[in-house]
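Peer 1: Residue numbers (the numbering used here), protein chains in the order written: chain A, 1 to 391; chain B, 1001 to 1164; chain C, 2001 to 2177; chain D, 3001 to 3600.
Check before you lean on any hint, since a few could be wrong.
Now the in silico label distances, taken between C-beta atoms and shown as ranges [as the list claims (entries may be wrong)]:
id, chain 1, residue 1, chain 2, residue 2, range
1, D, Lys-3127, C, Arg-2124, 23 to 33 Å
2, C, Lys-2077, A, Arg-75, 33 to 43 Å
3, C, Leu-2015, D, Glu-3175, 57 to 67 Å
4, D, Pro-3389, B, Gln-1100, 29 to 39 Å
5, A, Phe-189, D, Gly-3572, 33 to 43 Å
Calculated pairs, BS3-like style, for lysine-lysine (alpha carbon to alpha carbon, straight line, at most 30 Å) [said to hold, decoys possible]:
id, chain 1, residue 1, chain 2, residue 2
6, B, Lys-1153, D, Lys-3542
7, D, Lys-3143, D, Lys-3461
8, A, Lys-253, C, Lys-2021
9, A, Lys-309, D, Lys-3205
10, B, Lys-1042, B, Lys-1112
11, A, Lys-309, C, Lys-2170
12, D, Lys-3127, C, Lys-2170
Now the stretches of chain B that chain D is said to cover, found in silico as 3 or more residues with beta-carbon under 8 Å [stated by the list, open to error]:
id, stretch
13, 1102 to 1114
14, 1127 to 1136
If you're looking for bench data, these hints aren't it; they were derived computationally from the structure.
From the three backbone atoms N, C-alpha and C, an ideal C-beta is built for every residue, glycine too.
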Amino acid sequence: MAYQPDRSQYPQKKADGTLDIDLASGKYLKLWQGPQHPGITGNMAIELTVCGDEVVEGKTHVGYLHRGFEKLMERRTFMQCFPIVCRICVPEPDFNEYCYAAAVEELAGLEVPELAHWIRTLILEMGRINSYLMYLGGQAGAFGQGVIGQWTTYVRDLMLDRFEELTGARIYHMFIIPGGVRDNLPEGFAARMETTLQEIESTLGDVERVMFHNAVFKKRAVGVGIIAPELLDSYGITGPNARAAGVAKDVRKDQPYLVYPELDFEAVTGKDSDIYTRADVRRRDLLLSIDLIRQILVKMPKSGAVMTKLPNVLHWKIPRGETYIRGECSRGEYGYYLVTDGSGYPRRVNVRGPSYTHSIALFERLVVNANISDVAALLVSLHTYPPEIER
Amino acid sequence: MSEASIERLKSKTTLKDILEVATEFERTARDFYAALAPKVQKNLRYLVQELAEEEQRHYDLFTQMAERDDLEQQLQTEVERPVNDHKFSDCIHLPDLGEQPDDQAVLQYALKREHAAMEQYHSLAQSTEPGAIHDLFLYLANEETKHKNELEKVYYETVHSGGV
Amino acid sequence: MVMQALYDTLKPRFLLGEFTKQRDDLAFITVEAVRLHALLRHLRDQEGFTHLVLLTAVDWLEDGQFQLTYLLNNRAKRQDVGLRVLIARDNATMESIHDLWAAAATYQRELREMFGIDFPDSPRLHEDFILEGWQDIPPYRRDFDTLKYAQENYRDRPGRETRDPAQHMKQQLYGED
Amino acid sequence: MSIRDVLSPFTAWKNLFRDPVTIADPLNERPGAARYRGFHKNDMDKCIGCGTCETICQNGAIDMLPVSGVPAKLGDSGLRPRIDYGRCCWCALCVDVCMTGSLTMSNEYKWVESNPDLFRFTPGVDKKHWDNAELGYQRHAEKHLTPGERVEMPELEPAARIGSFTEIVDGYSIEQAKLEADRCVSCGLCIATCPAHMAIPDYIKAVRDGDYERGVQLLYETNPFSQVCGRVCTHRCEDSCAARHEGDPIAIRWLKRHIIDQVPQEKVLELIGKPAAPTGKKVAIIGAGPAGLTAAFDLARKGHAVTVFEAQAAAGGMTRYGIPEYRLPYDALDKDIAVITAMGVDIQYNQRVGTDIAMQQLQSDYDAVMLAIGLHQGRSTRIPGSDHPQVRKAVDLLRQITTGEKIEAPKSMVVIGGGNVAMDIARSMARLQLQQHGEIRVTLTALEDKAHFLADPVEIKESLEEQINILDSRGPQACVIDDSGKLLGLKTWKVLSIFDAERRFAPQYDESDEQIHEGEMVVEAIGQMADVSLLGNELTEKLEWNRGRIQIDSNGRTSENWLWSAGDCVKGPDVINAVADGHRVAISIDSVFTQQEAKS
């Protein structure tokens, strides 16, 4: 029989809607998870108020890695911004490069060569695979299954090798540059990519058997952390968090960009909207990315220009304007809102990371009444990356 | 046919004879330039003075050599008369550059002389056995070549200066 | 075209300002602060713009104004509309929209902290968000100088110097000339 | 949940016997990928120290510093980038933007070191083991961050221009000029090369900003001959342009012209303002060419009374009497001169010093005298037959064309010379031939081979377009004259080589390759000299000379303390050099006046 907490001791709401928590009463305990905690994805902290095993209030604290990128960009030229945007998201930096580049190109009126669109799409899907692999390790880890993380870290490393040979770097690729991409694929890339994809598929088979067909994981993840579909709009929920709730929200399909219109796929959805379903949606989305990469490598042009002609980037000015560019990253809708004022510097850059709403408003709502032991798994299941919150 | 001309037709000559001609060559040139210097405009005088100094240096070399006892034996050696010997000795004869020759005329004359001397010393170096005299001719040939090259550069810069 | 039609329909009712078509699927519309809430509600409930993509501010320091940008998405129609609201920069205040989108409270909290814009009644508005214990002016305002701040608060590692090529050549090649 | 969910996780045990996948010795066993962005390399032979890498570095990780053994020289600042790896983010924008392709990256990414200061070093200077690494990031073969191709200058097509002396070059439109100005990386390497050290990057920026009034002010700070220099400057600056290494140099000359073209004459006068109050000092300047008039302009602005004595009927010197109208229209030149005379400079035309007025007179009547007489006497090859009346000198002919003298164009002619003057006379005579005879028959013979022509490449290109028959490597031997005394043409030998190994002039001929080029006229355009006869014997003897030219100190002052000299007659032919010289002399004369004032 399921655990039933005794809620008779729970705090009352005050007139303004906040909880009337009197710590001196001894009924409640403040419990911090993070900023250093194995169950926290990156540098953030959760301030929990618990009553017994149950969370009565949770507050997300960020700011541990605020570097003020949006502000820093205001004093960098349009090309100088290119190397710093990737740092806004470590595990999946390429969306920053793509969204920024596309926003600059749109406001500057640049046409990007077709080959560059294909390579950009390829890179974004490669990044998605890496991000999911990290997530799977983290999600399993939140339930104490360390071995999954070891496997996924290994195959992620293989994908980093592909990134390295394609872009010249493993983590911060700095390859999708305003105007196009820096180079074409290296010789023999497709074959090596296929080997890597097969290795990842094989590992995913193991992951499925050990993590998903696992009584413990199911007991901890099924029916836990449910996001009601009606919350989606109110909390700005996108990506797998939304798709696991049965809504096929996927920017790649909804408002296709790059070469997605040329690729054959359907958005991956689930219906139970719990931790398990979200994990499963991500696992299947990862398999979709593998398929998309294979499609891309077959369909893409083999040669051609990779970059368009740029004006002299040392004093590149862009006319006044504003735009928003979005893409579907592993966590949901990633977007750049860029405002230009005719000068050589961005007037304003605002980065919309999906974690912004997922790990604050949404998480703070979901964590209420959760058991302490589920908090880490719940947070991981929202797949949040703190740097995109505080940019 | 003058005596000098007959002399030139001989295929063999002694080093001594050759040296005498060469010394004369340098001396007459030096005197010519020295006499010319005050006559030309001051703006060209550097050119003529430099030429006189150069010839003086060569003249000194020859006279010093002629005075060396150790070379007396060698100077009697017969050597093959250089092919361009006549051009060389022609240059002993002084040109008529007029009262006030300009830089171009002086340079053209000097160039012709240096060229002849260069060829002369070069052939002589080739037809002498290794030793002090051989080295001397080599040195002189080299000197004259350098000087000629310098003059050609001066000529190009002076006469062709405004070509741009 | 669709966006233009929507604009034309709503213009008289909400006294809309400038319309800027950025792409087929993205337009920006200027709207007065007092009409924003009603317009947002209408767009959300009647026009299918149910997704609040982002809410942020742009500092037009020279004009003494903040621009608040409310970006909405209509997934079914594949449309985005950005609403621009210009408010006075001094004592900047704007009506909260947390009642329309719960997530808006977070955006408003950040805007209060980073730009100093007040959103009365927005939940937890005055709780520190990213900057714990910040004493200076709100740092995303244009008059906050990040370089100056860095120079005052951090120390460069010694041993750095540089020369301007033209100045160096002048010194080396033609001096006082 | 099923029994499968209980058993399935045990499949993890299959990995029990799997080999570890970790790399045992990553420091040695794992080289970076072929494109890896690792530690920098810098090719010292290619680097020009332009500092563009420093400019683009958004981390402020690059310093430009002098390096021992790398002196500053024209086109190379002598500075080299030092990189602070405490700041570098390995983005390689410095590699992408590098103007010469000297800066690259190795694939080396591992370096263990306990002293953090060692991670700040100058690639290519501080030797590193990856300096010869073959792998590592290279910029894409096509350079993307700065445009390499010059905006083409619109000009008259050959067929449209050959019939007249109309100016060939149209000048850039505002849009074209902006695009061309956009290519400049503002490194400033050109400034040292420009004899007048014009503020080139700044006035190019003025073009980018569309601020032409500021542009004109910048031009006049260093050069009152922008109409002239904007058209016919030798533009050595462009040889030092960083952009030339992997593309076309910036069209600095055309941008200068563009600025001055945009601002009306009245506005120019307003921008440069009125001269200072009169000082009572009087200066005589001999020769109204660029050197003389530049000095006149500067001195007049200081309030000194300047009189210029000009032997010809109009001012401009060689820019008027040497340069054909299709390259420099007289009205453009007149605009520059009008600004100068507007400063109160008095030009006495048709006054030949030495004939109409004596040097001694000037010495006694003025506080200072400046000699800027240019190089107006043509040199002759003095080959046999060169004293024939139909063997002419280019400078004389060009002067006659300017003064409007009627010239009987020969039906065929030969030009000797491979410099700009040779091209000028060939092209001018071609126009006259076409006007008078309906066809062009001009042969131009040059000692130099095509690669060593002294003429501007554009001049050669345009000459060829205008049907000039250019023969390179031909050494003139004689002007061929028939028994009746009629000039038949020019005899030449093939030049095998013109320079020796040390690049010294040492022509070698192939006498067997002899040609006779038909011509009723032969024009010698090999060089010019100054006519210093105006000095007279006494002054000639008094003055110190330096290898045929009047000796001047670094301020342009001669050994006679009342006399200065400047321009082509002391420095060789070059308009911008003459302008720079004029400034120098003006500063010197003015400072002498100041000292005199202080004493009295």
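Peer 1: Does Lys-3542 (chain D) sit within 30 Å of Lys-1153 (chain B), going by the straight-line distance between their CA atoms?
Peer 2: holds, 28 Å
Peer 1: Does Lys-3205 (chain D) sit within 30 Å of Lys-309 (chain A), going by the straight-line distance between their CA atoms?
Peer 2: holds, 21 Å
Peer 1: Given the proposed pairing of Lys-309 (chain A) with Lys-2170 (chain C), does the C-alpha separation stay at or below 30 Å?
Peer 2: At roughly 34 Å apart (the allowed maximum being 30 Å), Lys-2170 (chain C) and Lys-309 (chain A) break the hint.
Peer 1: Please work out if Lys-253 (chain A) and Lys-2021 (chain C) have their alpha carbons no farther apart than 30 Å.
Peer 2: With Cα atoms ~23 Å apart, Lys-253 (chain A) and Lys-2021 (chain C) stay inside 30 Å; holds.
Peer 1: Report holds or violated for chain D covering the stretch 1127 to 1136 of chain B, Cβ cut-off 8 Å, minimum 3 residues.
Peer 2: violated (count 0)
Peer 1: Has the hinted range 29 to 39 Å been met by the Cβ atoms of Pro-3389 (chain D) and Gln-1100 (chain B)?
Peer 2: Once the Cβ atoms are compared, 24 Å apart, the range 29 to 39 Å for Gln-1100 (chain B) and Pro-3389 (chain D) is violated.
Peer 1: If you look at each residue in the stretch 1102 to 1114 of chain B, do at least three have a Cβ nearer than 8 Å to any Cβ of chain D?
Peer 2: holds (count 4)
Peer 1: Does the beta carbon distance between Leu-2015 (chain C) and Glu-3175 (chain D) stay inside 57 to 67 Å, or does it fall outside?
Peer 2: Since Leu-2015 (chain C) and Glu-3175 (chain D) have Cβ atoms about 40 Å apart, the given range 57 to 67 Å is violated.
Peer 1: Taking 30 Å as the top limit, are the C-alpha atoms of Lys-3143 (chain D) and Lys-3461 (chain D) close enough?
Peer 2: holds, 28 Å
Peer 1: Straight-line Cα separation of Lys-1042 (chain B) and Lys-1112 (chain B) no greater than 30 Å?
Peer 2: holds, 24 Å
Peer 1: Taking the Cβ atom of Phe-189 (chain A) and the Cβ atom of Gly-3572 (chain D), is their distance within the range 33 to 43 Å?
Peer 2: At 59 Å between Cβs, range violated.
Peer 1: Within 33 to 43 Å or not, the Cβ separation of Lys-2077 (chain C) and Arg-75 (chain A)?
Peer 2: holds, 38 Å
The structure is inconsistent with the numbered hints 1, 3, 4, 5, 11, 14, although it conforms to all the rest.
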